[in-house]
Amino acid sequence: MTSERLTGRLAEIVGADQVLATASCAAYAVDDHVPKAIVFPGDAQELSKVMKCASSERLSVVPWGNGTQIGLGGIPARIDLVVGLKRLARIIDHKPGDLTATVEAGMLLREVQASLRPSGQFLPFDPIGYERATIGGILATNASGPWRQRYGTARDLVIGIRIVHADGTITKGGAKVVKNVSGYDINKLYVGSLGTLGIILEATFRLYPLPAVEHTWIALFPTGEPAACAVAQILHSTIVCTRVELLSSVAAQPVGRQAGCAFPEGTVAVAVSVGSVPEAVDAQIAAIGKLCRREGAVAGFLVEGSAQDSLWSAICNFSSASTDGRPWATLKASVLPTHVVDTIDHAETLARNIGLRSAAISEAACGIVRLYWRGAPGVTEPDLISIAKGIDELRHWVVRHGGSLIILSAPSAIKAAVDVWGPVGAALTLMRELKQQFDPFGCLSPGRFVGGI
Amino acid sequence: MEKRRIVQELAAIVGPEWVISDPDELTVYECDGMTYLEKAMPDVVVLPDNTEQVVAVVKLCGREQLPFLPRGAGTGLSGGAIAVAGGVIIGLNRMNRILEIDIPNQRAIVEPGLVNLALTQAIQDHGHYFAPDPASQAASSIGGNVAENAGGPHCLKYGTTTTHILGLEVVLASGAIVPIGGKTLDCPGYDLTGLFTGSEGTLGIATKVIVRLLPHAEAVKTLLASFHAIDAASEAVSEIIATGIIPSALEMMDRHIIRALEEWLHIGYPEGAGAVLLIELDGPAAEIEAQTKQIKQICDRCGALDLRIAKDEQERALLWRGRKGAVAAVGRITHEFYLQDGVVPRTTLPRVLREVEAIAERNALVIANVFHAGDGNLHPLICFDSRREGELQGAIAAGAEIMRLCLSVGGSITGEHGIGMEKIDFIPLMYSPDDLEAMRRVRAAFDRSSRCNPGKLLPSSRSCSETTISYRPHRVERDGLAQRY
Chain A
1 MTSERLTGRL AEIVGADQVL ATASCAAYAV DDHVPKAIVF PGDAQELSKV MKCASSERLS
61 VVPWGNGTQI GLGGIPARID LVVGLKRLAR IIDHKPGDLT ATVEAGMLLR EVQASLRPSG
121 QFLPFDPIGY ERATIGGILA TNASGPWRQR YGTARDLVIG IRIVHADGTI TKGGAKVVKN
181 VSGYDINKLY VGSLGTLGII LEATFRLYPL PAVEHTWIAL FPTGEPAACA VAQILHSTIV
241 CTRVELLSSV AAQPVGRQAG CAFPEGTVAV AVSVGSVPEA VDAQIAAIGK LCRREGAVAG
301 FLVEGSAQDS LWSAICNFSS ASTDGRPWAT LKASVLPTHV VDTIDHAETL ARNIGLRSAA
361 ISEAACGIVR LYWRGAPGVT EPDLISIAKG IDELRHWVVR HGGSLIILSA PSAIKAAVDV
421 WGPVGAALTL MRELKQQFDP FGCLSPGRFV GGI
Chain B
1001 MEKRRIVQEL AAIVGPEWVI SDPDELTVYE CDGMTYLEKA MPDVVVLPDN TEQVVAVVKL
1061 CGREQLPFLP RGAGTGLSGG AIAVAGGVII GLNRMNRILE IDIPNQRAIV EPGLVNLALT
1121 QAIQDHGHYF APDPASQAAS SIGGNVAENA GGPHCLKYGT TTTHILGLEV VLASGAIVPI
1181 GGKTLDCPGY DLTGLFTGSE GTLGIATKVI VRLLPHAEAV KTLLASFHAI DAASEAVSEI
1241 IATGIIPSAL EMMDRHIIRA LEEWLHIGYP EGAGAVLLIE LDGPAAEIEA QTKQIKQICD
1301 RCGALDLRIA KDEQERALLW RGRKGAVAAV GRITHEFYLQ DGVVPRTTLP RVLREVEAIA
1361 ERNALVIANV FHAGDGNLHP LICFDSRREG ELQGAIAAGA EIMRLCLSVG GSITGEHGIG
1421 MEKIDFIPLM YSPDDLEAMR RVRAAFDRSS RCNPGKLLPS SRSCSETTIS YRPHRVERDG
1481 LAQRY
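Order-wise, the sequence lines are chains A and B.
No gaps in the numbering here: position 266 of the first sequence is 266 in this note's numbering, and each next residue is one more.
Here this note's numbering = 1-based position in the second sequence + 1000.
Treat the hints loosely; a few may be bogus.
List of simulated lysine-lysine pairs, DSBU-like, C-alpha gap at most 35 Å [said to hold, decoys possible]: (1) LYS1311(B) / LYS1296(B); (2) LYS290(A) / LYS1157(B); (3) LYS36(A) / LYS52(A); (4) LYS332(A) / LYS1039(B); (5) LYS1208(B) / LYS1157(B); (6) LYS1311(B) / LYS290(A); (7) LYS1208(B) / LYS1059(B); (8) LYS332(A) / LYS36(A); (9) LYS172(A) / LYS1039(B); (10) LYS1157(B) / LYS95(A); (11) LYS1324(B) / LYS95(A); (12) LYS95(A) / LYS1293(B); (13) LYS1208(B) / LYS172(A); (14) LYS290(A) / LYS1296(B); (15) LYS332(A) / LYS1157(B); (16) LYS172(A) / LYS332(A); (17) LYS95(A) / LYS36(A); (18) LYS1324(B) / LYS1311(B); (19) LYS1293(B) / LYS290(A).
Computed beta-carbon distance windows for the label pairs [stated by the list, open to error]: (20) MET1041(B) / SER237(A): 50 to 58 Å; (21) GLU1030(B) / THR429(A): 30 to 38 Å; (22) SER237(A) / GLY1015(B): 43 to 51 Å; (23) PRO1104(B) / VAL213(A): 27 to 35 Å; (24) ASP345(A) / GLY1015(B): 46 to 54 Å; (25) ALA426(A) / GLU1030(B): 33 to 41 Å; (26) VAL298(A) / VAL1220(B): 35 to 43 Å; (27) LYS290(A) / PRO1270(B): 40 to 48 Å; (28) SER1408(B) / LYS290(A): 50 to 58 Å; (29) GLU1002(B) / HIS396(A): 48 to 56 Å; (30) ASP17(A) / ARG1301(B): 52 to 60 Å; (31) ALA286(A) / PRO1104(B): 23 to 31 Å.
Think of the hints as simulated: they come from the structure by calculation, not from any bench.
Using N, Cα and C, we set each Cβ at its ideal position, and we do this for glycine too.
Looking at chain A on its own, in the form it has when it is part of the complex (with noise of 0.2 Å):
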């Protein structure tokens, strides 16, 4: 179909103003590729008549939300069409006394959180960029922050999901209760599967009550040992906490600046909040502080308020804090939360030895280590190649060690030479089968996932 019959088809779906083609498409382009056409439907009947539009065109689709974690995923093998989700942005239901809201793909997380605010309610997300995130977009890329140490990840949080087929379909699965066990549970395949599979319309969560108060101890240490030890000891005390960080001195440095607090050159910084009743919050506090003391921590200090939100928002939007040398890759690791500080230390070495700083944060008690790798200063800039082995090497390192590599974003010439998810062993044969299933044609997100899904 030619660009402009397309055009023409859409528009007669979602009306001529809400298509774009040609030289606007460019903002949307995937890895380099630059889609025919760019969608917005209006509702659920909009976008499935697109999809059915789409299919029996054979077209590629590509959901976008609001582009913030488009750099997650392979080269498209082909891509047609973007299909835009902003005008699905409305709360469908909101019911404080169930603690549940179903909210349409499109939403921002942040307007989300401002209508459950006066509910004293809120979706405990707070994914890398979370400010211009959409709903849809942290489902489909299972994207998660900080708070996932008290309150896990989006497959936690879903309890029902409508989705739109390649066919245009529309399923749900799921239900507005927190507790369901009624056939498969399927809302846990469409999360985290980059619109490989349908799109998402909309998903109902189950929400959490705002803390009465929330404060953050920072401590700083030495190195990375006893860092690692002292977030140990928090894990298998009894003390609950809201979030655990864990930031490189590479990382320390930036955050301390935006956050307002100046953090000594080389330390480690352990970030650790706790959320409950005022009198349940200062005792554990106190113990957050004694313990790292014991296990070395050279300074140590509580942030409240304004404060402890820019510290938050410095560590959850680190590749704005940091100014200092190129961005090239973005990498998250999943290791054995023993096994952070080797992660964190295994990847600057690598990324030294190809001219690049790695500043790591770290939910360290899951084991998770997002690597930021730049350009050093005064170092010539490395070519794409080595820096697609250096990543290559360290999965390797991390795979070995029971773990998983995957790059967040890259250049595109970075993903054509290294494998954006890595390997996923025997199961990928399960997920082609799901694969094959789901989207026959192959024309969602084609290319994008694991193993060239």
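Given the structure of chain A, go ahead and fit chain B onto it with the hints provided.
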């Protein structure tokens, strides 16, 4: 004879002592914890010792085109472990080893036949426990908990089984061994672990389970609040949640249960109590103290007759004794009962319970209610006497009405017992033909042959006709030896 040949082949795989084909011995396997449906006899039961033997058995079933299903302790309540199509039951009870305990990383790797409570017992000296606590936890296997995505009173705060399962090794109907998920979080690819958990043995056989372990809380406090009526108790439930407290358990019992318990165990509920709430809090001591005060105020405001706070472990056990004995107590006041399992949004509880009462009246039955109030998970016990004409049909009709009622307020027809055989004809009330088609695709991706636990979870075609199911309570249940909730 064909069967003899197959039995011999199975014996060659697992050893003759681990194959059961004698009809008398097979009767143990003709049903599981749920006998509301017709029983069904497997052709043969085989008890493998390891993954390789499971693979060999499954491959044999493939070659002979035999249906097969996994079975743990057989405590499931929806008939998931009944060989409705005959074939081979693969009992996993011998595969009950703990393969790895990794306290520093708070993980364990176990075999599916391990009894739930045995894992907690093995790690309690390390100050950790395995959180899922279905009522059957002293008997049910972790593999069975995975298959059913088992719940329990404490999943209100800690989540159902799926929250605690990080990875699996599964044997597919093809005989392929597929590790899914892992010891680390966020494994790349589709969340097959999440999809497999709760799949009721229809996607394959889990042969290894990687679980999350939790450290014990600093403090636990158990409270018992009594009210005149269900409405006031429900209001207290809503207020507790609205205050921002997430109790580790929040359980309610109605006047029928209270009466049955008083007659049997003499718990000492206050005179005139029409509903009691069992509330458990756990966490940091200072938090529990503050929350106890808040709950006291809420109970006062909602007109509680009495609030009892357990002073020690002994009193805590006493307060739980009533709750744990509730179903068995009902067994003493009725000839038979049909245990339902449905979920409604918490705020609809007063209305839904009034409706349940109306359903009881319409069908001239007593329906007793004991349930996980915090997450809206109802367990109506529909009392009947099958010797009296029409009561059995009335009980089944009332069960169906309750399921429809749950759906009408946006809930679910099962919160923790599963679809199994019991509700296979009711799942089309909850999901459209297209919704079910998506589930069928999942099944097809794992098992194109549909030989893995056929006749469970999904109706075989797009038709959604309701068939009459006959109900018979289990012997042990009638005798008050086992309980269901």
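Taking the hints in turn, this is what the structure says about them:
Under the criterion of a C-alpha separation no larger than 35 Å, the hint pairing LYS1311(B) with LYS1296(B) is consistent with the structure, at around 15 Å. For the proposed pair LYS290(A) and LYS1157(B), the alpha carbon gap of about 28 Å is at most 35 Å, so the pair holds. Between LYS36(A) and LYS52(A) the alpha-carbon distance is near 17 Å, which keeps this suggested pair within the 35 Å criterion. A distance of roughly 51 Å separates the Cα atoms of LYS332(A) and LYS1039(B); the hinted pair therefore is violated under the 35 Å criterion.
Restraint check for LYS1208(B) and LYS1157(B): satisfied, since their Cα atoms lie roughly 26 Å apart, inside the 35 Å limit. Restraint check for LYS1311(B) and LYS290(A): the C-alpha separation of about 31 Å stays at or below 35 Å, so the hint holds. Simply put, LYS1208(B) and LYS1059(B) have alpha-carbon atoms about 19 Å apart, close enough for the 35 Å limit, and the pair holds. For the hint linking LYS332(A) to LYS36(A), the alpha-carbon distance of about 31 Å falls within 35 Å, and the restraint holds.
With a C-alpha separation of about 33 Å, the suggested pair LYS172(A) and LYS1039(B) falls inside the 35 Å cut-off, and the hint holds. Proximity of LYS1157(B) to LYS95(A) is assessed by CA-CA distance (about 19 Å); at most 35 Å being required, the pair is judged to hold. Proximity of LYS1324(B) to LYS95(A) is assessed by CA-CA distance (about 31 Å); at most 35 Å being required, the pair is judged to hold. Simply put, LYS95(A) and LYS1293(B) have alpha-carbon atoms about 26 Å apart, close enough for the 35 Å limit, and the pair holds.
For the hint linking LYS1208(B) to LYS172(A), the alpha-carbon distance of about 31 Å falls within 35 Å, and the restraint holds. In summary, the hint linking LYS290(A) to LYS1296(B) is supported, as the alpha carbons are separated by about 33 Å, within the 35 Å threshold. This hinted pair checks out: LYS332(A) and LYS1157(B) have alpha carbons roughly 29 Å apart, not beyond 35 Å. A threshold of 35 Å between alpha carbons decides the hint, and for LYS172(A) with LYS332(A) the separation of about 31 Å falls inside it, so the pair holds.
Pair hint LYS95(A) plus LYS36(A) does not hold up; C-alpha atoms about 41 Å apart against a cutoff of 35 Å. Taking the CA atoms of LYS1324(B) and LYS1311(B), the gap is about 19 Å. The hint holds against a cut of 35 Å. At roughly 29 Å between alpha-carbon atoms, LYS1293(B) and LYS290(A) fall within 35 Å of each other, so this suggested pair holds. Remark: the range hint 50 to 58 Å for MET1041(B) to SER237(A) is upheld by a beta-carbon distance near 53 Å.
Taking the beta carbon of each, GLU1030(B) and THR429(A) are about 36 Å apart, inside 30 to 38 Å as hinted. SER237(A) and GLY1015(B) have their C-beta atoms about 47 Å apart, which keeps the hinted 43 to 51 Å range intact. Checking the proposed 27 to 35 Å range against PRO1104(B) and VAL213(A) shows it holds: the Cβ atoms sit about 31 Å from each other. A C-beta distance of roughly 50 Å is found between ASP345(A) and GLY1015(B), which places it inside the suggested range of 46 to 54 Å.
Separation of ALA426(A) from GLU1030(B) is about 35 Å and conforms to the stated range, judged on CB atoms against 33 to 41 Å. Judged by the Cβ atoms, the range 35 to 43 Å given for VAL298(A) and VAL1220(B) holds: they are separated by roughly 37 Å. Remark: the range hint 40 to 48 Å for LYS290(A) to PRO1270(B) is upheld by a beta-carbon distance near 45 Å. About 54 Å separates the C-beta atoms of SER1408(B) and LYS290(A), a value consistent with the hinted range of 50 to 58 Å.
As the Cβ distance of GLU1002(B) to HIS396(A) is approximately 51 Å, the hint placing it in 48 to 56 Å holds. Checking the proposed 52 to 60 Å range against ASP17(A) and ARG1301(B) shows it holds: the Cβ atoms sit about 54 Å from each other. Distance hint for ALA286(A) and PRO1104(B): a CB-CB separation of about 25 Å, consistent with the stated range 23 to 31 Å.
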